[in-house]
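Given the sequences, and given the hints that come with them, work out the whole structure.
Going down the list, the protein sequences come from chains S and C.
Position one of the first sequence corresponds to residue 1 (UniProt numbering), numbered consecutively onward.
Position one of the second sequence corresponds to residue 1 (UniProt numbering), numbered consecutively onward.
Keep in mind that the hints are not guaranteed to be accurate.
What the hints assert, rightly or not - Some chain C residues well away from chain S (every beta-carbon gap over 12 Å; in silico):
{"#": "1", "residue": "Thr5"}
{"#": "2", "residue": "Gly38"}
{"#": "3", "residue": "Ser53"}
{"#": "4", "residue": "Gly64"}
{"#": "5", "residue": "Gln76"}
{"#": "6", "residue": "Gly104"}
{"#": "7", "residue": "Leu134"}
{"#": "8", "residue": "Ala136"}
What the hints assert, rightly or not - Taking beta-carbon pairs under 8 Å as the criterion, some of the chain C residues facing chain S (in silico):
{"#": "9", "residue": "Val12"}
{"#": "10", "residue": "Arg27"}
{"#": "11", "residue": "Trp70"}
{"#": "12", "residue": "Val71"}
{"#": "13", "residue": "Tyr77"}
{"#": "14", "residue": "Tyr85"}
{"#": "15", "residue": "Val87"}
{"#": "16", "residue": "Ile99"}
{"#": "17", "residue": "Asn110"}
{"#": "18", "residue": "Leu129"}
As the list claims (entries may be wrong) - Now the stretches of chain S that chain C is said to cover, found in silico as 3 or more residues with beta-carbon under 8 Å:
{"#": "19", "stretch": "148-158"}
{"#": "20", "stretch": "247-258"}
{"#": "21", "stretch": "272-281"}
Simulated from the structure, these hints should not be mistaken for laboratory data.
Where a beta carbon is used, it is the ideal one built from N, C-alpha and C, also for glycine.
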Amino acid sequence: MSTPSEAPRLRRAAAVVGIGHSDWVRDWSRARAGEKPADSYGYGMQAFSAALKDSGLRREDVDGLIAGPTTAYERLGEVLGINPRWGDQADAVLSVVQACSAIESGLADVVAIVYGNDQRTAGTQYGGPQAMGGDAFLSYVYHAPWGLTSQGALYALTFQAYKNARGMTEAELGEVAVAQRGWSSMNPNAIMRKRITVEDYMASRYVCEPLHLFDYCLINDGGVAMIIAEAEYAKRICETPVFIQGIGRSDLNRGATSLEPRLTDFYLPAQQQAAARSYAMAGFGPEDIDVLQVYDSFSVHVPLALEGYGYCAVGDAGKFLRERGIGPGGKLPTNTGGGHLSETYMQGWAHQIECVRQLRGTCGERQVPDCRHVHYTSDVAGKAVSLIYSR
Amino acid sequence: MNTDTAQTPSPVLGLYDRPMWESIRKRGMHLQCCQGCGAWQYPPGPGCTACLSENVVWRPVGGGGTILSWVIFHRQYLAAYPAPYNVIAVRIDEGPVMISNLEGDTPSGNWIGQRVALTYAEMPDGAVLPRFTLAA
Numbered sequence: 001m002s003t004p005s006e007a008p009r010l011r012r013a014a015a016v017v018g019i020g021h022s023d024w025v026r027d028w029s030r031a032r033a034g035e036k037p038a039d040s041y042g043y044g045m046q047a048f049s050a051a052l053k054d055s056g057l058r059r060e061d062v063d064g065l066i067a068g069p070t071t072a073y074e075r076l077g078e079v080l081g082i083n084p085r086w087g088d089q090a091d092a093v094l095s096v097v098q099a100c101s102a103i104e105s106g107l108a109d110v111v112a113i114v115y116g117n118d119q120r121t122a123g124t125q126y127g128g129p130q131a132m133g134g135d136a137f138l139s140y141v142y143h144a145p146w147g148l149t150s151q152g153a154l155y156a157l158t159f160q161a162y163k164n165a166r167g168m169t170e171a172e173l174g175e176v177a178v179a180q181r182g183w184s185s186m187n188p189n190a191i192m193r194k195r196i197t198v199e200d201y202m203a204s205r206y207v208c209e210p211l212h213l214f215d216y217c218l219i220n221d222g223g224v225a226m227i228i229a230e231a232e233y234a235k236r237i238c239e240t241p242v243f244i245q246g247i248g249r250s251d252l253n254r255g256a257t258s259l260e261p262r263l264t265d266f267y268l269p270a271q272q273q274a275a276a277r278s279y280a281m282a283g284f285g286p287e288d289i290d291v292l293q294v295y296d297s298f299s300v301h302v303p304l305a306l307e308g309y310g311y312c313a314v315g316d317a318g319k320f321l322r323e324r325g326i327g328p329g330g331k332l333p334t335n336t337g338g339g340h341l342s343e344t345y346m347q348g349w350a351h352q353i354e355c356v357r358q359l360r361g362t363c364g365e366r367q368v369p370d371c372r373h374v375h376y377t378s379d380v381a382g383k384a385v386s387l388i389y390s391r
Numbered sequence: 001m002n003t004d005t006a007q008t009p010s011p012v013l014g015l016y017d018r019p020m021w022e023s024i025r026k027r028g029m030h031l032q033c034c035q036g037c038g039a040w041q042y043p044p045g046p047g048c049t050a051c052l053s054e055n056v057v058w059r060p061v062g063g064g065g066t067i068l069s070w071v072i073f074h075r076q077y078l079a080a081y082p083a084p085y086n087v088i089a090v091r092i093d094e095g096p097v098m099i100s101n102l103e104g105d106t107p108s109g110n111w112i113g114q115r116v117a118l119t120y121a122e123m124p125d126g127a128v129l130p131r132f133t134l135a136a
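Listed below in structure tokens is the structure:
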């Protein structure tokens, strides 16, 4: 068995030196007008160019490339014109982890991680007969004969069992969407910027009861990229490098197809172990975190994360949301860009650049003062990953 | 859309799923039970996920279960399932969790913890599905 202290070699081994993204606010309008501004590779290219410019590096300095899951690795490298000495393909959080691993082990010095997704204009289906993700997660397709294909419905089932077990209310869950809209109202890069109230939330229609429309992420086009460099090099070339300080992971695979880890423990054991590993590596705990970023394809992820990663006692997430708060003025600023619910649905990638922005102190009106440590968590299908960024 | 002839969404039919669906078609659902440790499993697979024994045999289930969670779809995703309709998660008495639908009367309050009994529904296109009704 591994103990939490066994993986500290990656601690501050690498740092983010460049961030970039496509203009998804403009492209949202264009897509709604029937245009197709770019394909997934085009969005990736826009994001990469912006990140490279932000880093001040030349394309020739990039010797590692990680493609996100929605583009083919080779074609993305071809479009970007990069022949790296190391390459891979991964989701948002694992791209960061694998970039750090490659850098620490000497396989690369400067890694670009690049994501592009034309899911809106391509009509990608996350529910229904063509539901995406079944190749990776059998639960996304196995229950189709009974009418269960949408990923939102999986989280609706989770929340129904969770609120029964913990006593949380729909109105308390509504605090998540309200808080994130509060943040996005101060983010010029957010697609949904109109503030809402808990009353608006409760009056909104159910998509899959007990989840309301505001509990669901957006579906939009866009791209995100980051440049991650070896730590000493990063310090030389960048005024405000953002270091990867802590990493932890724990996966729940047993019983996953029949949804048991979602419906009985609500991912808690995985989150607690991922949290312990990442806090041990970082050298501090949740009390030292200034900003939390949670993968929020559905609002339900947020209360699960608050409990699982130690921000409140198990069973207290509803009270925490109501009394301490995660929105502007709240005790634990969470998803400060607006998250998937209100800023952009970049499958966790935009959360990474929001972590960096908060630590650089460049968030303008929504900047959290004296931000030193930002925690990103994801728990997609019970695979809990905990990532801590620090100045 | 004419739901009378809508096709029931096809099940995943991997190598180990076929005997289960054959038993469902005969209205006597069988699941795999491990000869080594006695664990039942769903979905079916190449061996026992509890102890890795490959000595698993098909046995009929008793048909009882308890609701773990439920949802009501208010949006239609599939031709065979016009909204609103329910989906339930049931822990069957043998241990595994199954996703299904609750037919007939539904509880007025909380569905969680309600006892249910296995039934077989014939869909308009002839497909047979294992579903549940509230236990008498």
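These are the hints, each one checked on the structure:
Residue placement check: Thr5 (chain C) keeps its beta carbon more than 12 Å from all beta carbons of chain S (closest about 16 Å). Residue-level check passed: Gly38 (chain C) sits 17 Å from the nearest beta carbon of chain S, beyond 12 Å. Against chain S, the non-interface label of Ser53 (chain C) holds: every CB pair exceeds 12 Å, the least being about 16 Å. A cut-off of 12 Å between C-beta atoms confirms that Gly64 (chain C) is not in contact with chain S; the least separation is 17 Å.
Remark: the non-interface label on Gln76 (chain C) conflicts with the geometry, its nearest Cβ contact in chain S lying 9 Å away (cut-off 12 Å). For Gly104 (chain C), the non-interface assignment is confirmed: its Cβ lies about 15 Å from the closest Cβ of chain S, beyond the 12 Å cut-off. The beta carbon of Leu134 (chain C) is kept farther than 12 Å from every beta carbon of chain S, the shortest such distance being approximately 17 Å. No Cβ of chain S comes within 12 Å of the Cβ of Ala136 (chain C); the nearest lies about 23 Å off, and the non-interface call holds.
Annotation: interface hint on Val12 (chain C) holds; nearest CB of chain S at approximately 5 Å, less than 8 Å. At a threshold of 8 Å, the smallest CB-CB gap from Arg27 (chain C) to chain S is about 15 Å, leaving the interface hint violated. The restraint placing Trp70 (chain C) at the interface with chain S holds, with a minimum CB-CB distance near 6 Å, inside the 8 Å limit. Checking Val71 (chain C) against chain S by beta carbon gives a least distance of about 4 Å; that is within 8 Å, so the hint holds.
For the restraint placing Tyr77 (chain C) at the interface with chain S, the shortest Cβ-Cβ distance is roughly 4 Å, inside the 8 Å limit, so the hint holds. For the restraint placing Tyr85 (chain C) at the interface with chain S, the shortest Cβ-Cβ distance is roughly 6 Å, inside the 8 Å limit, so the hint holds. Interface restraint check for Val87 (chain C): the shortest CB-CB distance to chain S comes to about 5 Å, inside 8 Å, so the restraint holds. For Ile99 (chain C), the interface hint holds, since its Cβ comes within 8 Å of a Cβ in chain S; the closest pair sits about 4 Å apart.
The interface hint given for Asn110 (chain C) holds, since its Cβ lies 7 Å from the closest Cβ of chain S, which is under the 8 Å cut-off. Checking Leu129 (chain C) against chain S by beta carbon gives a least distance of about 6 Å; that is within 8 Å, so the hint holds. By the rule of at least three residues with a Cβ nearer than 8 Å to a Cβ of chain C, the coverage given for the stretch 148-158 of chain S holds, with 7 such residues. Check on the stretch 247-258 of chain S: 4 of its residues sit with their Cβ under 8 Å from a Cβ of chain C, so the three-residue criterion for coverage holds.
Counting residues of the stretch 272-281 of chain S whose beta carbon lies closer than 8 Å to any beta carbon of chain C gives 0, which falls short of the minimum of three for the stated coverage.
Going down the numbered hints, you'll see the structure goes against 5, 10, 21, while the others check out.
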